[in-house]
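Trainee: The primary structure of each chain is shown beneath.
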Amino acid sequence: MKPPPFRYADPGSVDEALDVLAAEGDGAKVLAGGQSLLPLLAMRLAAPATLVDVNRVPGLDRVEASAGGVRVGALVRHAGLLRDTAAAEVQPLLARATADVAHPAIRNRGTTVGSIAHADPSGELTAVLALTGGSVTVARPSGRAEVGWRDLFVGPLETSLSGPAVVVDAFFPALAERSGTAFAEIARRKGDYAVCGAAVVVTLDEDRRVAAVRAAYLSVGPVPEVHDLTEAVAGKPVDSADWAAAGALARTLVDPDTDLHATADYRRLLVGVLTERTLAEAAAEAAGRTAA
Amino acid sequence: MTSIDTERTVSLTVNGVPREARVPVRRVLADALRDDLGLTGTHVGCAHGVCGSCTVLVDGEPVRSCLVLAVQVQGAAVTTVEGLARDDHRGGQVLHPVQEAFRECHALQCGFCTPGFLVTIAAGLEARDAAEEITEEEVDELVGGNLCRCTGYTNIKKAVRHAAATMREDAR
Numbered sequence: 001m002k003p004p005p006f007r008y009a010d011p012g013s014v015d016e017a018l019d020v021l022a023a024e025g026d027g028a029k030v031l032a033g034g035q036s037l038l039p040l041l042a043m044r045l046a047a048p049a050t051l052v053d054v055n056r057v058p059g060l061d062r063v064e065a066s067a068g069g070v071r072v073g074a075l076v077r078h079a080g081l082l083r084d085t086a087a088a089e090v091q092p093l094l095a096r097a098t099a100d101v102a103h104p105a106i107r108n109r110g111t112t113v114g115s116i117a118h119a120d121p122s123g124e125l126t127a128v129l130a131l132t133g134g135s136v137t138v139a140r141p142s143g144r145a146e147v148g149w150r151d152l153f154v155g156p157l158e159t160s161l162s163g164p165a166v167v168v169d170a171f172f173p174a175l176a177e178r179s180g181t182a183f184a185e186i187a188r189r190k191g192d193y194a195v196c197g198a199a200v201v202v203t204l205d206e207d208r209r210v211a212a213v214r215a216a217y218l219s220v221g222p223v224p225e226v227h228d229l230t231e232a233v234a235g236k237p238v239d240s241a242d243w244a245a246a247g248a249l250a251r252t253l254v255d256p257d258t259d260l261h262a263t264a265d266y267r268r269l270l271v272g273v274l275t276e277r278t279l280a281e282a283a284a285e286a287a288g289r290t291a292a
Numbered sequence: 001m002t003s004i005d006t007e008r009t010v011s012l013t014v015n016g017v018p019r020e021a022r023v024p025v026r027r028v029l030a031d032a033l034r035d036d037l038g039l040t041g042t043h044v045g046c047a048h049g050v051c052g053s054c055t056v057l058v059d060g061e062p063v064r065s066c067l068v069l070a071v072q073v074q075g076a077a078v079t080t081v082e083g084l085a086r087d088d089h090r091g092g093q094v095l096h097p098v099q100e101a102f103r104e105c106h107a108l109q110c111g112f113c114t115p116g117f118l119v120t121i122a123a124g125l126e127a128r129d130a131a132e133e134i135t136e137e138e139v140d141e142l143v144g145g146n147l148c149r150c151t152g153y154t155n156i157k158k159a160v161r162h163a164a165a166t167m168r169e170d171a172r
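Chains A and B are the protein sequences, given in the same order.
Counting in UniProt numbering, the first sequence runs from 1 upward without gaps.
Counting in UniProt numbering, the second sequence runs from 1 upward without gaps.
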């Protein structure tokens with residue numbers, strides 16, 4: 001269908017955007033890449049009174065990679081983040097997960113920060129934000145504040161943000177030393193919503209033994225979940241750690257739902273399989289980054 | 001003060017020609033191209049970003065024209081399937097290598113999805129190094145975001161390889 005009628009503004013600064021959002025009230029919605037919001041309008045699942053398009057706001061299209069992490073501006077497209085080699089070096093999960101976001105034509109338009117603000121539990125970068133312990137910067141009329149991922153995601157397509165607010169960037173902390181990451185998802189068609197997905201990080205100690213294992217999952221709960229799987233493999237040499245045991249532990253920690261695409265049992269099975277598979281990959285990378 | 005509108009005049013370049021249209025702000029680019037500018041080569045299938053039929057180039061990059069508002073392309077350069085053919089410098093036009101390959105390989109049946117495929121593949125092939133032989137992964141990635149319910153993709157993928165080979169020859 002066609003989008004329902006709405007009013008449209010394309011302010012030239014974050015402050016102007018906040019003014020319009022404040023004046024228009026609860027019926028106003030921020031529009032960035034539009035690759036989730038416009039389908040919602042077309043399917044008449046959302047009918048905002050006013051769209052506040054931030055695409056004209058200068059300065060929001062930057063990726064800043066530093067030793068501490070990667071800050072992604074609100075207008076950085078998935079395709080732009082995917083191409084950013086400096087960002088991939090600081091936090092390799094960004095490119096790995098972004099490669100699984102939809103199709104190139106969607107990635108050319110959709111934004112990383114928009115998909116986080118959309119808070120879809122099947123979102124790749126929501127899981128990465130959670131796993132890396134990231135945060136977003138929220139601009140409000142009263143000023144800017146950092147909001148950690150745990151305080152941001154409330155439920156499916158629901159964040160804790162209310163009133164006039166614009167998410168201006170997202171910050172993903174850098175990959176720690178002696179660590180490796182991996183990302184994998186299962187979708188019915190490549191580029192479609194994941195039935196289940198996993199983002200993992202493995203950290204070794206100086207003797208190449210497993211020190212920490214954490215995993216975040218897509219499409220298994222109402223919000224992104226991070227689980228600590230260290231106890232299944234703690235202290236084991238990286239080459240002989242039993243990643244299947246970590247996968248088995250993960251299966252006991254998740255509580256997925258059944259929907260049209262997969263039963264809860266099948267999702268739990270996928271959690272085990274993807275956990276084992278990604279941990280082996282992440283461990284190999286961690287080993288490569290740890291002097292023998 | 002930021003203006004808040006229900007209707008706007010949009011100026012853009014379509015296939016190299018400056019165009020202007022007065023549109024309701026809720027009108028998506030696909031509908032503006034078809035209904036306001038008379039360019040019906042762009043097809044609207046699902047109207048919510050899944051099928052890829054409506055794919056056009058905005059400033060050179062493939063995007064779903066059903067997921068972009070017409071007011072958002074103010075000042076942009078849009079290329080539709082009508083803009084793929086090239087001037088032959090003899091008063092006529094020659095098909096783009098991808099269009100030629102689709103004909104050669106019988107890569108369409110009903111043709112509804114074809115404009116989206118053509119635009120997506122043409123942009124994808126032009127963005128890569130033509131001298132390199134195309135891989136199966138690249139072919140899959142190029143066609144994976146567009147739905148075709150007739151062909152089963154075999155001939156479409158054949159056409160991608162054919163067009164890549166033509167463009168490789170041309171690059172020499």
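Among the clues, some could well be false.
Some chain A residues judged to face chain B by a derived CB distance under 10 Å, without partners named [unchecked claim]: (1) M1; (2) P3; (3) L37; (4) L51; (5) P58; (6) R62; (7) T85.
If you only want the chain B side, here are some residues facing chain A, beta carbon under 8 Å, derived [stated by the list, open to error]: (8) D5; (9) G52; (10) V63; (11) V71.
Calculated directly from the structure, the hints in this document are not laboratory data.
Note that CB positions come from ideal geometry on N, CA and C, so glycine has one too.
Trainee: Find the hints from earlier in the document that the structure breaks and name them by number, from lowest to highest.
Mentor: Per hint list: 5, 6, 7 violated.
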